Amino acid sequence: MSGQKITIEYNDRVVRQFLLATVIWGAVGMLVGVLIAAQLNFWQLNFATPWLTFGRLRPFHTNAVIFAFVGNMMFAGIYYSTQRLVKARLASDFLSSLHFWGWQFIIVCAAVTLPLGFTRGKEYAELIWPINLMVVLIWVVFAVNFFWTLARRREPALYVAIWFYIATIVTVAMLYIVNHLSIPTSLLHSYPVFSGVQDALVQWWYGHNAVAFFLTTPILGIMYYFLPKAAERPVYSYRLSVVHFWSLVFIYIWAGPHHLLNTALPGWLQNLGMTFSLMLWAPSWGGMLNGLLTLRGAWHKLRTDPVLKFYAAAVTFYGMATFEGPLLSIKSVNALAHYTDWIIGHVHAGTLGWNGFMAAGLIYWLLPRLWNKPLYSTALANLHFWIGTVGILLYVAAMWTSGITQGLMLNATTEHGTVLAYPNFLDTLNTIRPMMLMRVIGGGLYLAGWFLLVYNFYRTVKGAAPVNGTIEVYDEEPAPDGKLSLAGTFFSAPTLFWFLAVGFGSMWMFGADLVSTTGIVGAVACLIAAFALVPSRSKAWGGWYEKLLLNALPFTLLVFFAVVAGGLIQIIPTVLVQKAKNVEDRIQTPYTPLELAGRDIYVREGCYLCHSQMIRTLVPDILRYGDYSRLGESIYDHPFQWGSKRTGPDLARVGVKYPNIWHLRHMEDPRSISPGSNMPTYPWLLSHRLDASVLPAKIKVQRLLGVPYGPLTAQQIFDSVDEQAKGIAKDLRASGGYVESDQEIVALIAYLQTLGKALPVITKSAAH
Amino acid sequence: MFKRLILEDSSIWYLITAFVTAATIFLIITWRAVRMPRAEVDKFAQLPFTTDADERHDPSA
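Chains as they are written, first to last, in my numbering: chain H, 5 to 772; chain F, 25 to 85.
It is worth saying that the hints were derived from the structure and are not from the lab. Quick caveat: nothing in here was measured; it's all calculated off a predicted structure. One or more hints might be untrue.
[To be verified] Cut-off 27 Å, straight-line C-alpha distance, at most; resulting in silico cross-link-like pairs (DSS-like, lysine-lysine):
(1) H/Lys487 <-> F/Lys67
(2) H/Lys661 <-> H/Lys734
(3) H/Lys761 <-> H/Lys704
(4) H/Lys233 <-> F/Lys67
(5) F/Lys67 <-> H/Lys91
(6) H/Lys734 <-> H/Lys761
(7) H/Lys233 <-> H/Lys335
(8) F/Lys67 <-> H/Lys704
(9) H/Lys91 <-> H/Lys551
(10) F/Lys67 <-> H/Lys551
(11) H/Lys335 <-> H/Lys730
(12) H/Lys543 <-> H/Lys661
(13) H/Lys466 <-> H/Lys551
(14) H/Lys335 <-> H/Lys91
(15) H/Lys9 <-> F/Lys67
(16) H/Lys466 <-> H/Lys377
(17) H/Lys91 <-> H/Lys9
(18) H/Lys551 <-> H/Lys661
(19) H/Lys233 <-> H/Lys91
(20) H/Lys9 <-> H/Lys233
(21) F/Lys67 <-> H/Lys702
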């Protein structure tokens with residue numbers, strides 16, 4: 005053995021910091037989750053207070069559990085395992101520290117701004133633009149620290165867990181940046197650059213892949229490292245893990261449109277999303293089986309070892325959730341399940357079962373190693389497992405029952421499908437109330453289990469000295485024969501064939517006439533050439549692939565190209581085509597300044613979290629809410645507000661239904677209009693003055709984004725607001741509602757009353 | 025062309041092409057994984073354990 009023997013001390017300090025943050029933010033996020041679940045049962049728990057209202061706390065809950073809880077857990081697991089897998093200390097203590105404190109600062113900023121109503125109005129992407137910039141900066145810090153560590157590694161081979169981490173880092177960066185592209189109107193507000201269907205597609209491309217690449221791939225990497233370690237045996241099939249990785253990376257990125265089935269999204273994208281979601285069954289279950297079978301010969305340990313219990317249950321929940329996901333992506337199943345609690349149950353099977361239990365297993369496994377002290381109480385950890393499991397099962401079963409009940413009742417018709425069986429939306433709400441209460445109990449049990457972990461954590465760490473792992477290694481360079489240069493990566497036959505095939509395929513599908521023909525010929529020629537060369541070149545291509553697995557940078561770049569292809573092919577056509585001149589049937593009229601102000605209040609209060617604005621191309625939707633929504637009806641909506649859940653009814657055509665006074669009374673006290681409603685009250689909208697001074701800047705940005713406003717001066721904008729608001733206030737007074745014309749409620753009413761009033765498009769032939 | 029692709033459902037070939045592409049990649053990767061030499065598979069699978077014998081836990085500074 006050449007080289008000098010040296011001792012490496014791992015940076016486990018940052019692992020401990022992230023672990024502690026996981027425990028704290030997990031408790032906070034879950035506590036808020038239980039509170040908002042309770043608010044849906046008991047509207048009084050909104051306390052008629054803006055920052056405690058469901059619409060503002062729900063983004064707090066989702067952001068806390070995704071980015072604070074799972075994010076911190078992911079960083080702890082990645083940093084611990086990567087150092088050991090590559091036999092190198094993290095490259096920079098400064099970057100590690102900056103990463104940790106920067107991420108916590110972001111979380112605190114989010115925890116302050118979201119309850120205050122500062123939001124971008126897109127699910128899981130609510131954080132305002134200055135925080136978005138911080139997220140990007142800290143993510144870059146994480147990436148630099150990670151790849152720098154890989155560059156200094158003493159183990160040339162890259163274990164499959166590292167592949168999953170690489171895919172996470174590059175894909176999350178891409179998704180986050182694209183979906184957060186915005187133009188600021190002030191320090192705390194911005195409008196996304198995409199609108200309507202573009203925004204919907206980009207949002208769910210991001211939203212779905214946030215699940216894929218933030219909640220799944222890093223945790224799979226953690227599974228592939230920590231599960232074998234806990235079971236004290238290697239992964240069941242390394243070959244299967246390779247197939248699992250590549251198929252997830254190639255397929256997941258295409259599945260986003262399944263969140264928009266039966267909507268105004270173009271049919272080809274819906275079919276694409278559904279098909280690729282179904283294809284996800286294979287790799288997901290491959291991974292799940294690989295995880296479970298790693299426990300072969302170790303099942304007897306589950307009786308006593310809480311870590312293995314958590315891992316076994318987590319992997320089982322992963323399998324359950326990834327079976328259910330594709331099932332829900334089938335259009336006909338989705339017609340029943342979408343907008344209902346079934347989706348909430350599905351999501352929580354994944355987050356509580358897969359993410360939460362993986363986190364618990366990771367914490368219980370790491371605690372004794374990072375503090376060099378046995379876990380305070382194995383019995384408490386076992387109790388945590390059982391309470392948590394019962395909690396998840398109650399939660400999920402309640403939401404499945406509730407969701408299917410909602411779907412069946414809301415879609416039920418009589419008189420040969422011409423009349424709704426349950427025309428009153430509240431009939432459904434009151435039917436599912438017991439299940440909603442069961443959710444609170446299930447979530448409460450899960451939270452109680454987490455508090456047991458917090459106590460166990462505290463008692464274990466109390467009085468213990470933190471320790472850093474060390475190993476002795478030979479300070480030698482990796483063998484040079486495994487090196488793959490960038491030129492060798494990209495000017496190799498497999499890469500060139502891949503680029504040519506994607507290029508020609510895109511020309512074929514998106515081009516016209518000669519371009520399309522060239523695309524077909526090129527794609528076919530590519531395939532023939534590749535197959536012709538297989539017999540003579542397969543050995544060399546195999547060697548190239550083997551080298552790829554030892555070279556982090558080329559590997560990373562190719563993973564990036566694999567995920568970016570799926571995104572671009574879906575998004576570019578949609579972005580290019582959604583122009584007013586292409587829209588058929590109906591087209592949206594730009595909002596008046598007052599309506600725009602009202603829309604921003606609608607976004608601020610998180611109304612989109614309970615109300616959709618998308619009447620699907622389904623008979624029950626049309627019978628209940630009116631004519632189905634057209635693509636052109638939200639063409640100027642920055643951000644889109646199609647929604648993903650109907651705790652209350654759809655609002656796409658609410659503007660043609662009720663007088664102004666109805667909306668005033670409804671916002672003031674929903675139960676005075678709709679007995680049995682669980683909607684919060686919004687008394688502050690009747691006392692807060694509308695800040696119209698921000699409108700000129702907002703309209704300027706809207707114009708910049710292509711919304712056809714005329715060249716309005718600030719004074720014209722204020723005059724327009726004043727005139728329309730006075731008209732509404734006068735109408736309200738005539739009906740017995742007394743509010744000043746400059747109150748926020750007036751702007752919100754103006755916005756609600758414009759919904760569903762898009763103009764029919766007059767085609768040239770019709771005009772003549 | 026873009027307009028036709030967006031507004032009509034006639035692009036079934038697009039879906040089939042995407043499916044075939046993904047399926048091809050899946051099969052190639054599966055083939056490569058199945059053909060991995062036994063020794064190499066074992067070496068990779070053992071990577072999480074290579075530092076176990078050497079690792080100590082020393083009090084941090």
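Could you work out which of the previously given hints the structure breaks and list their numbers from low to high? 7, 8, 11, 12, 13, 14, 18 and 21
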